[in-house]
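If you read the sequences in order, they're chains A and B. Take numbering that gives the first Met the number 0: the final residue in the first sequence is number 412, and no numbers are missing along the way. Take numbering that gives the first Met the number 0: the final residue in the second sequence is number 412, and no numbers are missing along the way.
Think of the hints as simulated: they come from the structure by calculation, not from any bench. All of these numbers come straight from a predicted model, not from anything done at the bench. Fair warning: there could be bad hints in the mix.
It does not matter which identical chain is used: a pair holds within one copy or between any two.
[Claimed, not checked] Below are the DSSO-like pairs computed for lysine-lysine, each with C-alpha atoms no more than 27 Å apart in a straight line:
#1 Lys193 x Lys329
#2 Lys121 x Lys102
#3 Lys248 x Lys186
#4 Lys90 x Lys51
#5 Lys23 x Lys51
#6 Lys102 x Lys329
#7 Lys90 x Lys121
Number of protein chains: 2
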Amino acid sequence: MARIIQKYGGSSVATVELIKEVAKRAITAKNEGNEVVVVLSAMKGDTDRLLKLAHSLHPSPEPRELDNLLITGEVISVSLFAMACQSLGEKVKSFLGFQAGIKTDDAHGRARILEVEPARIKTELAKGRIAVVAGFQGINRFNDLTTLGRGGSDTTAVALAVALGADICEIYTDVDGIYTTDPHIHKNARKIDKICYEEMLELASLGAKVMEIRSVELGLNYGVKIHVRHAHSQATGTLIVEEDSDMEKTPVRGVTHSVNEARITLQRVPDKPGVAARILSLISKAGIVVDMIIQNQSVSSEPIDGITHWTDFSFTVPATDFAKTMELMKETGREIEVGQVVGDDNIAKVSIVGVGMRNHAGVATLMFQTMAREGINISMISTSEIKISCIIEKKYAELAVRSLHDAFELEKA
Amino acid sequence: MARIIQKYGGSSVATVELIKEVAKRAITAKNEGNEVVVVLSAMKGDTDRLLKLAHSLHPSPEPRELDNLLITGEVISVSLFAMACQSLGEKVKSFLGFQAGIKTDDAHGRARILEVEPARIKTELAKGRIAVVAGFQGINRFNDLTTLGRGGSDTTAVALAVALGADICEIYTDVDGIYTTDPHIHKNARKIDKICYEEMLELASLGAKVMEIRSVELGLNYGVKIHVRHAHSQATGTLIVEEDSDMEKTPVRGVTHSVNEARITLQRVPDKPGVAARILSLISKAGIVVDMIIQNQSVSSEPIDGITHWTDFSFTVPATDFAKTMELMKETGREIEVGQVVGDDNIAKVSIVGVGMRNHAGVATLMFQTMAREGINISMISTSEIKISCIIEKKYAELAVRSLHDAFELEKA
Numbered sequence: 000m001a002r003i004i005q006k007y008g009g010s011s012v013a014t015v016e017l018i019k020e021v022a023k024r025a026i027t028a029k030n031e032g033n034e035v036v037v038v039l040s041a042m043k044g045d046t047d048r049l050l051k052l053a054h055s056l057h058p059s060p061e062p063r064e065l066d067n068l069l070i071t072g073e074v075i076s077v078s079l080f081a082m083a084c085q086s087l088g089e090k091v092k093s094f095l096g097f098q099a100g101i102k103t104d105d106a107h108g109r110a111r112i113l114e115v116e117p118a119r120i121k122t123e124l125a126k127g128r129i130a131v132v133a134g135f136q137g138i139n140r141f142n143d144l145t146t147l148g149r150g151g152s153d154t155t156a157v158a159l160a161v162a163l164g165a166d167i168c169e170i171y172t173d174v175d176g177i178y179t180t181d182p183h184i185h186k187n188a189r190k191i192d193k194i195c196y197e198e199m200l201e202l203a204s205l206g207a208k209v210m211e212i213r214s215v216e217l218g219l220n221y222g223v224k225i226h227v228r229h230a231h232s233q234a235t236g237t238l239i240v241e242e243d244s245d246m247e248k249t250p251v252r253g254v255t256h257s258v259n260e261a262r263i264t265l266q267r268v269p270d271k272p273g274v275a276a277r278i279l280s281l282i283s284k285a286g287i288v289v290d291m292i293i294q295n296q297s298v299s300s301e302p303i304d305g306i307t308h309w310t311d312f313s314f315t316v317p318a319t320d321f322a323k324t325m326e327l328m329k330e331t332g333r334e335i336e337v338g339q340v341v342g343d344d345n346i347a348k349v350s351i352v353g354v355g356m357r358n359h360a361g362v363a364t365l366m367f368q369t370m371a372r373e374g375i376n377i378s379m380i381s382t383s384e385i386k387i388s389c390i391i392e393k394k395y396a397e398l399a400v401r402s403l404h405d406a407f408e409l410e411k412a
Numbered sequence: 000m001a002r003i004i005q006k007y008g009g010s011s012v013a014t015v016e017l018i019k020e021v022a023k024r025a026i027t028a029k030n031e032g033n034e035v036v037v038v039l040s041a042m043k044g045d046t047d048r049l050l051k052l053a054h055s056l057h058p059s060p061e062p063r064e065l066d067n068l069l070i071t072g073e074v075i076s077v078s079l080f081a082m083a084c085q086s087l088g089e090k091v092k093s094f095l096g097f098q099a100g101i102k103t104d105d106a107h108g109r110a111r112i113l114e115v116e117p118a119r120i121k122t123e124l125a126k127g128r129i130a131v132v133a134g135f136q137g138i139n140r141f142n143d144l145t146t147l148g149r150g151g152s153d154t155t156a157v158a159l160a161v162a163l164g165a166d167i168c169e170i171y172t173d174v175d176g177i178y179t180t181d182p183h184i185h186k187n188a189r190k191i192d193k194i195c196y197e198e199m200l201e202l203a204s205l206g207a208k209v210m211e212i213r214s215v216e217l218g219l220n221y222g223v224k225i226h227v228r229h230a231h232s233q234a235t236g237t238l239i240v241e242e243d244s245d246m247e248k249t250p251v252r253g254v255t256h257s258v259n260e261a262r263i264t265l266q267r268v269p270d271k272p273g274v275a276a277r278i279l280s281l282i283s284k285a286g287i288v289v290d291m292i293i294q295n296q297s298v299s300s301e302p303i304d305g306i307t308h309w310t311d312f313s314f315t316v317p318a319t320d321f322a323k324t325m326e327l328m329k330e331t332g333r334e335i336e337v338g339q340v341v342g343d344d345n346i347a348k349v350s351i352v353g354v355g356m357r358n359h360a361g362v363a364t365l366m367f368q369t370m371a372r373e374g375i376n377i378s379m380i381s382t383s384e385i386k387i388s389c390i391i392e393k394k395y396a397e398l399a400v401r402s403l404h405d406a407f408e409l410e411k412a
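Let the sequences and hints guide you as you build the complete structure.
Structure, rendered in structure tokens:
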């Protein structure tokens with residue numbers, strides 16, 4: 000007997016017919032001798048409908064009131080799911096987030112789970128019932144209802160898995176699992192059978208379409224085994240687990256790209272302490288998130304005003320913040336007397352990810368060679384232990400992804 | 000400064016435009032220096048939409064699960080109302096029933112309020128905010144959400160008025176108030192300015208279209224001044240208050256009728272102890288609600304099996320239970336050896352109601368004379384201290400109402 004958390008997304012409960020289907024799936028798992036806790040999102044379209052109503056009344060509703068409105072979507076899902084189970088003769092109880100003991104902080108609209116007190120859920124499981132919990136919501140210390148933000152139902156599921164010591168947390172969605180790259184870009188993209196948390200986090204742009212990244216972090220921190228799979232297929236999907244020695248045999252797990260960033264470079268920056276901080280503090284004060292930061296070894300020249308070393312300082316920001324960042328940097332550039340501020344939002348970031356690359360020499364070499372063979376110039380490089388990212392011209396993004404997928408033979412299991 | 004409860008029904012919050020209108024009304028009351036608590040029903044149509052979803056999954060969903068589903072309607076109303084207030088620059092907070100301290104018993108779908116702990120509401124009022132509370136819902140001792148059944152938002156409003164010691168409980172609806180009779184039946188029907196709780200209870204069939212009768216009982220028990228009025232008119236409506244000496248000057252407050260009952264008569268019933276109980280216990284066991292019960296003085300005859308006194312025993316039940324009741328009574332009739340069981344669902348009940356009739360002789364006489372003048376035969380009569388009801392042939396129902404309205408000059412204030 001295993002204790003299983005099953006989370007179904009909005010598209011899997013979009014109609015009463017689909018709700019019946021997933022109810023059957025949960026019942027099957029229970030009939031196989033397991034304890035089953037189901038976590039649901041709102042029926043697809045419901046949250047948008049509610050947001051539209053809200054915005055017809057207020058351009059930016061108070062987050063507390065918006066939370067009161069939005070929690071209803073998941074409450075509707077769980078009560079209908081319970082009825083579907085009951086019509087199939089199954090014992091079940093539905094719970095709002097607060098009834099399932101999901102306690103959060105006070106940040107309405109993007110609350111973090113502080114604690115889960117799943118006593119009631121345990122009681123229901125002990126009575127042989129399926130417990131179905133409204134995802135995406137909790138309660139704060141003031142007894143106000145909160146929502147967890149985008150993808151919050153995944154977080155609810157993983158947090159319940161932690162609190163209940165579940166054997167597995169199944170994330171049911173409308174895709175088969177995590178792919179080596181976006182199947183729309185490369186026809187040879189292959190479903191990954193097993194991936195470790197760290198790889199999943201680095202493949203965020205691939206994974207985010209499937210599973211909220213915060214919940215993967217939670218899985219990592221508490222070692223929750225996660226199974227991402229299709230809600231209407233019996234095929235196994237992708238297991239997200241701790242790194243094992245087997246995984247290290249594969250140098251690259253997946254290739255991903257993003258075209259939503261822009262690069263800014265401050266040329267000929269005086270190389271003295273505090274300059275990088277001064278540049279970035281302005282940006283963070285403006286609420287802009289910096290992704291890559293590159294500063295190369297400085298070069299020396301004839302002293303000017305006593306400064307003998309200079310460097311170029313580059314970073315990337317979301318493309319939507321490009322204009323604002325350029326403005327800020329031109330001002331800063333004048334103040335700290337840099338050579339020139341240049342920027343480019345016609346870029347793409349292409350990354351290869353894999354825990355195996357730690358033990359495989361030549362991964363970077365093969366990456367750069369592949370790009371060169373295709374005539375793609377690399378303007379920035381950044382690496383972590385398990386990831387190499389390159390900034391290239393935007394028009395080459397898909398070509399780069401396909402070439403790298405082929406070069407590292409990701410189509411092979 | 001007064002403390003005011005304002006309850007708006009589903010038709011008054013059916014669209015975001017209407018929600019804005021009633022938000023303005025609440026803000027006006029607050030700007031006049033009052034403390035304002037608003038209680039809302041679900042947007043018109045929402046509850047039906049949810050019920051339809053539920054019934055597409057289960058013919059009779061478990062009441063606990065149905066309650067989880069149905070509470071969302073009122074939660075949506077209150078959060079949207081709060082946003083409407085905020086867009087008008089007003090300070091406001093919305094509350095689910097449980098957050099407003101509405102504690103109920105465990106009877107899902109028709110829960111009774113056991114206690115109201117309005118500490119949070121008081122806090123918000125003290126901070127100068129409008130508090131808006133989801134009607135129709137509460138929480139039980141198991142921390143499960145409950146609904147109060149039909150018209151439950153009225154009960155929420157009156158219960159909050161009691162708990163908060165409100166000066167008045169305003170019930171906003173889509174009619175002007177309570178009328179002397181149904182304006183569709185008599186063009187001279189007149190809006191009643193002031194009515195006492197007891198009259199309102201006896202006029203249930205008139206009042207029920209406007210206000211849930213349970214909440215009137217609650218108002219009676221705690222002396223809550225209730226004002227039933229139109230949500231989109233400034234005119235005063237009908238005040239429901241304690242009886243005063245002024246009211247006793249009017250013998251009849253209103254005329255009402257019902258065509259949804261059926262009469263059953265057991266003829267020549269042996270007049271011995273326990274017979275009436277035996278007849279009615281079967282009916283109540285079947286869950287059928289008996290309205291009027293009539294048993295006249297028995298008549299004597301030659302002894303048969305030692306019995307010398309006989310009587311006819313009549314009662315009325317809802318028309319929908321007529322066939323079932325007839326069946327039960329024929330069986331019972333054979334057992335206790337009555338003469339014959341006859342029934343009629345082609346009947347109407349016409350009633351006149353008024354606390355003043357206690358002090359006015361001749362009210363019954365005028366009623367019976369009026370019926371006789373119109374050629375209407377009365378088949379049963381039942382009276383209480385403030386009400387006289389007659390069972391007549393159904394086709395005369397509206398004629399009887401109009402004639403009685405004229406005879407007692409109810410068109411005159």
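State the violated hints by number, sorted upward, taking the hints as numbered earlier in the document. 1, 6
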